[in-house]
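J.: Work out the full structure: start from the sequences and follow the hints.
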Amino acid sequence: MKIYLHGENNSELQAIEIADNAHVEEIIIKHHEVFNTSGHKVEDETEYLIFVENDDSHKHRDRSCNDIGIKHHSHVHCHRCQEVEVTLEYNTQEVKVSVPPSATMQMILQKSASELKILPDDFGDLRFQLANGTDIDQKVHIGSFVSYPDCQAKVLVKSITKIEG
Amino acid sequence: MRPDISQFVQHCQKAIFQAGIDDGMWGFVDENLQGLTNPIVYLWISARPKTGKPDRYYFKFDITGYPASPPTACIWDIKLNKKLPENERPKGSKFVTLAFRHDWSNGEALYLPLDRIAQPGHEHWKTQFPNLWWSPTFTIWDYVNYVHTLLNSSDYANS
Numbered sequence: 001m002k003i004y005l006h007g008e009n010n011s012e013l014q015a016i017e018i019a020d021n022a023h024v025e026e027i028i029i030k031h032h033e034v035f036n037t038s039g040h041k042v043e044d045e046t047e048y049l050i051f052v053e054n055d056d057s058h059k060h061r062d063r064s065c066n067d068i069g070i071k072h073h074s075h076v077h078c079h080r081c082q083e084v085e086v087t088l089e090y091n092t093q094e095v096k097v098s099v100p101p102s103a104t105m106q107m108i109l110q111k112s113a114s115e116l117k118i119l120p121d122d123f124g125d126l127r128f129q130l131a132n133g134t135d136i137d138q139k140v141h142i143g144s145f146v147s148y149p150d151c152q153a154k155v156l157v158k159s160i161t162k163i164e165g
Numbered sequence: 166m167r168p169d170i171s172q173f174v175q176h177c178q179k180a181i182f183q184a185g186i187d188d189g190m191w192g193f194v195d196e197n198l199q200g201l202t203n204p205i206v207y208l209w210i211s212a213r214p215k216t217g218k219p220d221r222y223y224f225k226f227d228i229t230g231y232p233a234s235p236p237t238a239c240i241w242d243i244k245l246n247k248k249l250p251e252n253e254r255p256k257g258s259k260f261v262t263l264a265f266r267h268d269w270s271n272g273e274a275l276y277l278p279l280d281r282i283a284q285p286g287h288e289h290w291k292t293q294f295p296n297l298w299w300s301p302t303f304t305i306w307d308y309v310n311y312v313h314t315l316l317n318s319s320d321y322a323n324s
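Line by line, the protein sequences give chains A and B.
Residue numbers for the first sequence follow our numbering, so the first one is 1 and each next one is one higher.
Residue numbers for the second sequence follow our numbering, so the first one is 166 and each next one is one higher.
Hints are not guaranteed to be accurate.
What the simulated footprint calls covered on chain B by chain A, stretch by stretch (three residues with Cβ under 8 Å from a Cβ of chain A suffice, anywhere in the stretch; the number is not a length) [what the hints assert, rightly or not]: (1) 177-186; (2) 250-256; (3) 267-281.
Below, simulated EDC-like cross-link-like pairs (lysine to aspartate or glutamate); rule was C-alpha separation at most 16 Å, straight line [as the list claims (entries may be wrong)]: (4) A:K2 with B:D188; (5) A:K154 with A:D55; (6) A:K139 with A:E53; (7) A:K139 with B:D187; (8) B:K179 with A:E17; (9) A:K111 with A:E164; (10) B:K259 with A:E83; (11) B:K259 with A:D55; (12) B:K215 with A:D121; (13) B:K179 with A:E12; (14) A:K154 with A:E83; (15) A:K71 with B:D187.
Residues on chain B that point at chain A, a partial pick, calculated with CB under 8 Å [as the list claims (entries may be wrong)]: (16) D220; (17) I243; (18) F260; (19) A264; (20) W290; (21) K291; (22) N310; (23) N317; (24) S318; (25) S319; (26) A322; (27) N323.
Keep in mind the hints are simulated off the structure, nothing from the lab.
The model shown is predicted, which means the values in this text are computed figures rather than measured ones.
Beta carbons: idealized from backbone N, C-alpha and C, even for Gly.
T.: Below you can see the structure in the form of C-alpha cells.
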C-alpha cells in the first residue's frame, strides 16, 4: 500500500510503498532511505518515532500497520520529539498547546480555538504562518517545521486577506 | 514532450500533489497526463458543501511556459465547454467573489497573484502577498491548493 510520510524539519512530503502488514520499524527504515535519498541528513534511526496523523501518541516499533490503523493513503510522521509545544498567536492573544509532531494545523486550531475565542465557523477563513513568514498549509504536520531537541514552534494565526486592486 | 508540459507532469507526480488527489481535494478530468501534447489541462477542485452548489468546480488551465511563467486558470463549465457564467461562480462576501470575478479580463482568469493574466498591472501584490505571487520555484500545487482553500473557506460556505 501507499502511505504518505512526513519527516522531522522537512516540509517535502514523500510517498512510500509498504506491505499491508508492515511493522512500524519498517516505516522508520523506509523513512531514512527516502529522506537520505532526498539529500536530507537523518540521524541514528533508533531515536525516531512514528505517529499517525493527529494521533496523540507514537506507535511502538513492533506494531503492525493493520493493528494501528495505518492503511492505504494514510499520513504518518517520523520524528524524534514525543510532542511539540506550539505557541499560537492570534489578535495579540497567545496560547500554548502540546501536540504530537503529526498534528495538522486543523487539529491544533481545534485544541486552542476556545481559548483564542475563535468560532468553529471561522476556522476556514484563517491562515497560518511561522514567525519567519513561512505559510503553513492546514494539512501539513507541525513536526515538519520542528527539529529535535528544540521541540517547539510559534505560529501566527491570521485571517485570509481579500486580494484586490 | 514540451519542457513546460514535462515539468508540469513532473510536479503533478510529487507526493504533495498526489496526496491532494488521493484525499479527494482535486483531480484531472483526463488522468492521462503522459498523453498531454498541448498546454491546456482541465482540473476539478472540490468545494465545501453549500446548498444548491456543486461539490466541485472545474478549471481550464493554460500552462504555457510553466513554471517560469505562471499558469492561468479560467473557471469552466465542463459540460458546455465554456467559461462558467457569473451566476454560477463561487461567491463569498469577504474574499471569494473577487477571486472568481467575471467583470475583469472577460472573466477568463482568476484574480490572484498566482495567475499569469492577473500579475501584470498588479506588481504591488508581490510585496502585499509574497507567498501568493507566482515565481518559478512554485508548482501547480501552490495554485490549486490556494483555490481549494478559497472553495473550502467559511466565506464561501456561509455566504
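J.: Hints first: check each against the structure and report whether it holds.
T.: Now for the hints, and whether the structure bears them out:
{"no.": "1", "hint": "177-186", "verdict": "holds (count 5)"}
{"no.": "2", "hint": "250-256", "verdict": "violated (count 0)"}
{"no.": "3", "hint": "267-281", "verdict": "holds (count 3)"}
{"no.": "4", "hint": "A:K2 with B:D188", "verdict": "holds, 13 Å"}
{"no.": "5", "hint": "A:K154 with A:D55", "verdict": "violated, 21 Å"}
{"no.": "6", "hint": "A:K139 with A:E53", "verdict": "holds, 10 Å"}
{"no.": "7", "hint": "A:K139 with B:D187", "verdict": "holds, 13 Å"}
{"no.": "8", "hint": "B:K179 with A:E17", "verdict": "holds, 14 Å"}
{"no.": "9", "hint": "A:K111 with A:E164", "verdict": "violated, 33 Å"}
{"no.": "10", "hint": "B:K259 with A:E83", "verdict": "violated, 36 Å"}
{"no.": "11", "hint": "B:K259 with A:D55", "verdict": "violated, 34 Å"}
{"no.": "12", "hint": "B:K215 with A:D121", "verdict": "holds, 14 Å"}
{"no.": "13", "hint": "B:K179 with A:E12", "verdict": "holds, 9 Å"}
{"no.": "14", "hint": "A:K154 with A:E83", "verdict": "holds, 14 Å"}
{"no.": "15", "hint": "A:K71 with B:D187", "verdict": "holds, 13 Å"}
{"no.": "16", "hint": "D220", "verdict": "violated, 16 Å"}
{"no.": "17", "hint": "I243", "verdict": "violated, 25 Å"}
{"no.": "18", "hint": "F260", "verdict": "holds, 4 Å"}
{"no.": "19", "hint": "A264", "verdict": "holds, 7 Å"}
{"no.": "20", "hint": "W290", "verdict": "holds, 7 Å"}
{"no.": "21", "hint": "K291", "verdict": "violated, 12 Å"}
{"no.": "22", "hint": "N310", "verdict": "holds, 6 Å"}
{"no.": "23", "hint": "N317", "verdict": "holds, 6 Å"}
{"no.": "24", "hint": "S318", "verdict": "holds, 4 Å"}
{"no.": "25", "hint": "S319", "verdict": "holds, 4 Å"}
{"no.": "26", "hint": "A322", "verdict": "holds, 7 Å"}
{"no.": "27", "hint": "N323", "verdict": "holds, 7 Å"}
Hint compliance for this structure: hints 2, 5, 9, 10, 11, 16, 17, 21 are not met, and every other hint is.
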